[in-house]
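Protein sequences appear in the order of chains A and B. Numbering of the first sequence is given in the working numbering, commencing with residue 715 and proceeding in unit increments. Numbering of the second sequence is given in the working numbering, commencing with residue 156 and proceeding in unit increments.
No lab work stands behind these hints: they were computed from the structure. By construction, the Cβ of each residue, glycine as well, lies at the ideal position given by its N, Cα and C atoms. Be careful, since some hints might not be right.
To be verified - Far from chain B by the CB rule (all over 12 Å, computed), these chain A residues: (1) K769; (2) A819; (3) P838; (4) W847; (5) K848; (6) V875; (7) S877; (8) D894; (9) K911; (10) D921; (11) E935; (12) A945; (13) R946; (14) S963.
Stated by the list, open to error - In silico EDC-like links for lysine to aspartate or glutamate, alpha-carbon gap of 16 Å or less: (15) A:K769 with B:E346; (16) A:K911 with A:E870; (17) A:K911 with A:E944; (18) B:K291 with B:D163; (19) A:K769 with B:D350; (20) A:K767 with B:D350; (21) A:K848 with A:E802; (22) B:K291 with B:D350; (23) B:K291 with B:E315.
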Amino acid sequence: MGFAKYREDDISRRGGTSREVLERRVRGGPTPAAGSAGAKKTTAAATPAREPKLKDFTVATPRPLPVILLLDVSGSMSTNGKIDALNESVAAMLQTFATEDATRAAIHVGIITFGRGGARVHQPLEPATRVSWKLLEASGGTPLGSALDLATQLIEDHTQVPSRAYTPSLVLVSDGQPTDAWQEPLQRLLSAERAAKATRFAMGIGDDADAVMLSAFLASESSRVFMAHEARQIVQFFRWVTMSVATRSRSARPNSVVLSEPIELPDFDF
Amino acid sequence: MTTAAIFDANVCGASVRGPAHCSQARPNEDAWRRASGAFGTVLVISDGVGSRPQARLGAQMACRAVCGAVRGWRGGRVVLSRLLQQIESDWRRGIAPANPCDSAATCLFAWMRPKGQLIVAGKGDGMAVAIRPNRKPHWVVGPRALGFANETMALGASTELETWEHWSLKGSSEIAVVLATDGVSDDLLPERANDFVSWLVAQSRRRTPRARSRAIRHQLLNWPTPNHLDDKTLTVLLARRGSRR
Numbered sequence: 715m716g717f718a719k720y721r722e723d724d725i726s727r728r729g730g731t732s733r734e735v736l737e738r739r740v741r742g743g744p745t746p747a748a749g750s751a752g753a754k755k756t757t758a759a760a761t762p763a764r765e766p767k768l769k770d771f772t773v774a775t776p777r778p779l780p781v782i783l784l785l786d787v788s789g790s791m792s793t794n795g796k797i798d799a800l801n802e803s804v805a806a807m808l809q810t811f812a813t814e815d816a817t818r819a820a821i822h823v824g825i826i827t828f829g830r831g832g833a834r835v836h837q838p839l840e841p842a843t844r845v846s847w848k849l850l851e852a853s854g855g856t857p858l859g860s861a862l863d864l865a866t867q868l869i870e871d872h873t874q875v876p877s878r879a880y881t882p883s884l885v886l887v888s889d890g891q892p893t894d895a896w897q898e899p900l901q902r903l904l905s906a907e908r909a910a911k912a913t914r915f916a917m918g919i920g921d922d923a924d925a926v927m928l929s930a931f932l933a934s935e936s937s938r939v940f941m942a943h944e945a946r947q948i949v950q951f952f953r954w955v956t957m958s959v960a961t962r963s964r965s966a967r968p969n970s971v972v973l974s975e976p977i978e979l980p981d982f983d984f
Numbered sequence: 156m157t158t159a160a161i162f163d164a165n166v167c168g169a170s171v172r173g174p175a176h177c178s179q180a181r182p183n184e185d186a187w188r189r190a191s192g193a194f195g196t197v198l199v200i201s202d203g204v205g206s207r208p209q210a211r212l213g214a215q216m217a218c219r220a221v222c223g224a225v226r227g228w229r230g231g232r233v234v235l236s237r238l239l240q241q242i243e244s245d246w247r248r249g250i251a252p253a254n255p256c257d258s259a260a261t262c263l264f265a266w267m268r269p270k271g272q273l274i275v276a277g278k279g280d281g282m283a284v285a286i287r288p289n290r291k292p293h294w295v296v297g298p299r300a301l302g303f304a305n306e307t308m309a310l311g312a313s314t315e316l317e318t319w320e321h322w323s324l325k326g327s328s329e330i331a332v333v334l335a336t337d338g339v340s341d342d343l344l345p346e347r348a349n350d351f352v353s354w355l356v357a358q359s360r361r362r363t364p365r366a367r368s369r370a371i372r373h374q375l376l377n378w379p380t381p382n383h384l385d386d387k388t389l390t391v392l393l394a395r396r397g398s399r400r
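Excised from the complex, chain A in its bound form (with noise of 0.2 Å):
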């Protein structure tokens, strides 16, 4: 018999355990852990602290894109199938952004409504995976100087749109005349350090709608107010609102607006 096999023997006959095991029973002493090989020596060393390793010091949650949308839900939006609309649309764009393709920016949605009650925030700034949509309801004024200081609250807030952040896209849909003074608001939006880098869209909804409020809010000759006076037509602003950010979230540059006119956009479901 050559040594190995001895030694497989030699465990074998003590129903495979080994020697060394049987003795240090026999002895009284400290046994391996059952399934070690052996009899390997065990030490009471404390286990020294983990290395800190790269992710310890990185975040761990992709940059965000954030879309703030600023809802007219006052009283006056209740007629011609508006509010419905409005419902409808926004569904739809926080459907397209929460199966957006998650190996770029991940888009935060969140909504400020003005209406009964005053502005508030009827959803707050998350992703847009986790977004549970709440329908809209209409009724009272229109007070959208409140609703201008909640959002510019808002991305001046660092715990709520970090600086690692893209630019945001501000939206604002309207259907009428503000009830509240705007144009300070407006100002202090359009001056803050970071609220004024915002991309910003505009609707209009139908003949009441106050377009010289809305123009004012985008400040920009190259931007221009969409009008919409058909339900159909607030549809497809959305969808153009959602194209526009879904490709700046798949851009190399996100914060690279590449917006294509409304009216370039086919007139069916995409």
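Knowing the structure of chain A, use the given hints to seat chain B on it.
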């Protein structure tokens, strides 16, 4: 026979193309360069501003302009404003006939002079941090406080010297400088940024520059932040007082 205190410096680092440029088959638009000689050691990094047609050229010429200006510096005392003006004009000459606006690029550099003066300066985003023993890291550039990602001042955007951040030090026996583009700095946890640079410098001291450069390259290629897009450059300059006869 006299001994003169002189500073020895070495550099490690790496630059990698980001996933966005990989998917578009575009080259890395970051660049970095180091040079050593009688003038000491200089380290420079640059990030071509995205969406500009000559971003890569702008970044490469920024590195060349800094090294050239430092090599060509005559005179004992460095007048920073003149040095920065030289860099700006050398850069414009280097990119010609391309338009400065089309070639915009950030520029961060650290120059360790032989007798121990350190000059750190930067135009644009990213990070430039000086680390001395037993002191909190000193941030010359970064972390990003205002604005948003991919939004920066750069060579080609303005010639005003006030757009440069700068800092100078003399007298420390040991010092390290970390330079990185925003593809790295923007993904750092703000509350751990100081720990990061301290950790990086400690890692750099344990290995040879070549080994450390390989390790940095590996880390950049396996960047942990999900969905990261940008090109990335990360470099470390280590300097220590030595002696020569």
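Taking the hints in turn, this is what the structure says about them:
Listed as a non-interface residue, K769 (chain A) fails to keep its Cβ farther than 12 Å from every Cβ of chain B; the least gap is roughly 4 Å. Distance to chain B contradicts A819 (chain A) as a non-interface residue, since its nearest Cβ pair spans about 7 Å, not more than 12 Å. Residue-level check passed: P838 (chain A) sits 20 Å from the nearest beta carbon of chain B, beyond 12 Å. In this structure W847 (chain A) is separated from chain B by more than 12 Å, as the shortest Cβ-Cβ distance comes to about 24 Å.
Against the 12 Å criterion, K848 (chain A) stays outside the reach of chain B, whose nearest CB is about 28 Å from its own CB. The Cβ of V875 (chain A) does not lie farther than 12 Å from every Cβ of chain B; its closest approach is about 8 Å, which violates its non-interface assignment. Not every CB of chain B lies more than 12 Å from the CB of S877 (chain A), the least distance being 4 Å, so the non-interface label is violated. Non-interface status of D894 (chain A) relative to chain B is upheld: no Cβ of that chain comes within 12 Å, the nearest being about 29 Å off.
A Cβ of chain B approaches the Cβ of K911 (chain A) within 12 Å, the least distance being about 7 Å, so the stated non-interface status is violated. At the 12 Å boundary, the C-beta of D921 (chain A) stays outside the reach of chain B, the nearest C-beta of that chain being 37 Å off. Even its closest Cβ contact with chain B, about 20 Å, leaves E935 (chain A) beyond 12 Å, as expected for a residue assigned away from the interface. Its beta-carbon lying about 34 Å from the closest one in chain B, A945 (chain A) satisfies the requirement of being farther than 12 Å from that chain.
Once the 12 Å rule is applied to beta carbons, R946 (chain A) is consistent with being away from chain B; the minimum gap is 34 Å. The beta carbon of S963 (chain A) sits about 10 Å from the closest Cβ of chain B, which is not more than 12 Å, so the claim that it is off the interface is violated. For the proposed pair K769 (chain A) and E346 (chain B), the alpha carbon gap of about 14 Å is at most 16 Å, so the pair holds. Between K911 (chain A) and E870 (chain A), the direct Cα distance comes to roughly 11 Å. Compliance with the 16 Å bound is thereby established for this hinted pair.
Of the pairs offered as hints, the one joining K911 (chain A) and E944 (chain A) is violated, with about 31 Å between alpha carbons and a cut-off of 16 Å exceeded. Distance restraint check for K291 (chain B) and D163 (chain B): the Cα-Cα separation of roughly 23 Å exceeds the 16 Å cut-off, and the hinted pair is therefore not satisfied. Between K769 (chain A) and D350 (chain B), the direct Cα distance comes to roughly 12 Å. Compliance with the 16 Å bound is thereby established for this hinted pair. With a C-alpha separation of about 11 Å, the suggested pairing of K767 (chain A) with D350 (chain B) holds against the 16 Å cut-off.
At roughly 11 Å between alpha-carbon atoms, K848 (chain A) and E802 (chain A) fall within 16 Å of each other, so this suggested pair holds. Restraint check for K291 (chain B) and D350 (chain B): the C-alpha separation of about 10 Å stays at or below 16 Å, so the hint holds. Taken as a hint, the K291 (chain B) and E315 (chain B) pair is broken in the structure, with Cα atoms around 30 Å apart against an allowance of 16 Å.
Hint compliance for this structure: hints 1, 2, 6, 7, 9, 14, 17, 18, 23 are not met, and every other hint is.
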